[in-house]
Structures are given as structure tokens and as C-alpha cells.
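Required output: the full structure, derived from the provided sequences and hints.
Position 73 (the sequence shown) corresponds to 104 in the working numbering; numbering is contiguous.
Hint data in this document are derived by calculation from the structure and do not stem from the laboratory. Heads up, a few of these hints could be off.
To be verified - Taking lysine-lysine pairs in the DSBU-like style, the calculated list, with each CA pair at most 30 Å apart, reads: (1) 86 <-> 147; (2) 147 <-> 65; (3) 65 <-> 136; (4) 65 <-> 154; (5) 154 <-> 88; (6) 136 <-> 79; (7) 136 <-> 64; (8) 38 <-> 64; (9) 154 <-> 38; (10) 88 <-> 147; (11) 88 <-> 124; (12) 38 <-> 100; (13) 154 <-> 86; (14) 38 <-> 139; (15) 139 <-> 86; (16) 79 <-> 49; (17) 65 <-> 139; (18) 65 <-> 79; (19) 86 <-> 64; (20) 88 <-> 65; (21) 100 <-> 88.
What the hints assert, rightly or not - Label-pair restraints from in silico Cβ distances: (22) 47 <-> 162: 15 to 23 Å; (23) 135 <-> 90: 27 to 35 Å; (24) 156 <-> 134: 28 to 36 Å; (25) 40 <-> 93: 18 to 26 Å; (26) 166 <-> 42: 14 to 22 Å; (27) 61 <-> 124: 33 to 41 Å; (28) 83 <-> 41: 16 to 24 Å; (29) 147 <-> 83: 33 to 41 Å; (30) 158 <-> 83: 12 to 20 Å.
As the structure is a computational prediction, the values presented were derived from the model and not from experiment. Just so it is clear, CB atoms sit at the ideal spot from N, CA and C, and this is done for glycine as well.
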Amino acid sequence: MSADHGKCHCGQIEWQVKLEDRAHILCHCDTCKKLGGGAYSLNQIVPKENLQITKGKLNTYTYHGDSGKPVNCFYCPNCTTHIYHHQTVMGDKIVVRTILLDQGKSLKAGAEIFGKDRLSWVKEVAQTFEVLPPS
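In C-alpha cells:
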């Protein structure tokens, strides 16, 4: 499994991540819409050890997710690009923003989560789960 390179909007933060699948997971949850300012976010869930920050130092913002447990958002202190999130309820897994990767535009849509919160005018493009796929 080779690593993909990513960087934030201003270039102050760079990283390498080993993806487990060559696809985006579209998240339609209301938090992703608010944090990103769009109809959904493009992500992938990977083991934390698959991510290596190679340049810069991230800031952290914490909120509580639907589970009631903390979600730590890691972002560039300069341009505020959100690089990844760690939902503590997920253990050692993190949610990496895949559109920020150099090859992000070439990845396909693999699945959609939080379909229950999809905006009515957004078309379905992949298998959709009302909340999350079964474990």
C-alpha cells in the first residue's frame, strides 16, 4: 500500500497517508456541512498509524459528536483547512479529508454516510447508509 501526499490550502501543513481503498466516503452529516461549508465532505476512515504529518504543526478543535463522545478536529493554524478528525468513539481510527490529497480529484465515490441528512437537491452517487455502515 503506497502513501498519498496531501497539503492544506496555504501549504503550511503536509502529510502522507496510506489509504485502505482508492475512494472517497461522502459524509452528509450536519457537522461536516457546517465545518466545511459545503453539501458534504470527502473522507476515508483509516488507522491513525496510516497518517504521518511531514510538515508543520496542527491546531485542535474539539466538539461532542452524536455519540456524546469528543471529536478532535486537526487543522492548519494559518488557513484553517481541516486535515483529519479523531472521533474518540472510533478508537484508533481517524477520518482523513481525501479531497486534500494530490490525487484527490481522481478518487471515485465509494459510499455515502449520514444519508438521512443529505440535502434534498444532492443526488446519490454511491451506496448510501442512513447513518453508518454496519460494523
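Here is what the structure says about each hint:
1. Proposed proximity of residue 86 and residue 147 is contradicted: the alpha carbons are some 37 Å apart, above 30 Å.
2. With a CA separation close to 16 Å, the supplied pair residue 147 and residue 65 stays within the 30 Å bound.
3. Among the hinted pairs, residue 65 with residue 136 is consistent with the structure: their alpha-carbon atoms are about 22 Å apart, no more than 30 Å.
4. At roughly 19 Å between alpha-carbon atoms, residue 65 and residue 154 fall within 30 Å of each other, so this suggested pair holds.
5. Among the hinted pairs, residue 154 with residue 88 is inconsistent with the structure: their alpha-carbon atoms are about 37 Å apart, more than 30 Å.
6. For the proposed pair residue 136 and residue 79, the alpha carbon gap of about 23 Å is at most 30 Å, so the pair holds.
7. Under the criterion of a C-alpha separation no larger than 30 Å, the hint pairing residue 136 with residue 64 is consistent with the structure, at around 19 Å.
8. Note on residue 38 and residue 64: the hinted pairing holds, with a Cα-Cα distance of about 21 Å set against a maximum of 30 Å.
9. With a C-alpha separation of about 28 Å, the suggested pairing of residue 154 with residue 38 holds against the 30 Å cut-off.
10. Simply put, residue 88 and residue 147 have alpha-carbon atoms about 35 Å apart, too far for the 30 Å limit, and the pair is violated.
11. Straight-line distance between C-alpha atoms of residue 88 and residue 124 comes to about 20 Å, which keeps the hinted pair within the 30 Å bound.
12. At roughly 28 Å between alpha-carbon atoms, residue 38 and residue 100 fall within 30 Å of each other, so this suggested pair holds.
13. Distance restraint check for residue 154 and residue 86: the Cα-Cα separation of roughly 37 Å exceeds the 30 Å cut-off, and the hinted pair is therefore not satisfied.
14. For the hint pairing residue 38 with residue 139, the CA-to-CA distance comes to about 20 Å; that is within 30 Å, so the pair holds.
15. With a CA separation close to 27 Å, the supplied pair residue 139 and residue 86 stays within the 30 Å bound.
16. For the hint linking residue 79 to residue 49, the alpha-carbon distance of about 10 Å falls within 30 Å, and the restraint holds.
17. Between residue 65 and residue 139 the CA atoms are separated by roughly 23 Å; this keeps the pair inside 30 Å, and the hint holds.
18. Between residue 65 and residue 79 the CA atoms are separated by roughly 24 Å; this keeps the pair inside 30 Å, and the hint holds.
19. In summary, the hint linking residue 86 to residue 64 is supported, as the alpha carbons are separated by about 27 Å, within the 30 Å threshold.
20. Restraint check for residue 88 and residue 65: the C-alpha separation of about 24 Å stays at or below 30 Å, so the hint holds.
21. Taken as a hint, the residue 100 and residue 88 pair is honoured in the structure, with Cα atoms around 25 Å apart against an allowance of 30 Å.
22. In this structure the hint that residue 47 and residue 162 lie 15 to 23 Å apart at CB is violated, the actual value being about 30 Å.
23. Between residue 135 and residue 90 the CB atoms are about 22 Å apart, so this pair departs from the stated range of 27 to 35 Å.
24. At about 19 Å, the beta-carbon gap between residue 156 and residue 134 misses the expected band of 28 to 36 Å.
25. With their beta carbons about 22 Å apart, residue 40 and residue 93 fall inside the hinted range of 18 to 26 Å.
26. The supplied range of 14 to 22 Å is broken by residue 166 and residue 42, whose beta-carbon atoms lie about 37 Å from each other.
27. The given range of 33 to 41 Å is broken by residue 61 and residue 124, whose C-beta atoms sit roughly 21 Å from each other.
28. Between residue 83 and residue 41 the CB atoms are about 20 Å apart, so this pair conforms to the stated range of 16 to 24 Å.
29. Between residue 147 and residue 83 the beta carbons are some 34 Å apart, a value that agrees with the proposed interval 33 to 41 Å.
30. Range check, residue 158 to residue 83: about 30 Å between beta-carbon atoms, so the 12 to 20 Å window is missed.
In terms of the numbered hints stated before, the structure departs from hints 1, 5, 10, 13, 22, 23, 24, 26, 27 and 30, listed from lowest to highest.
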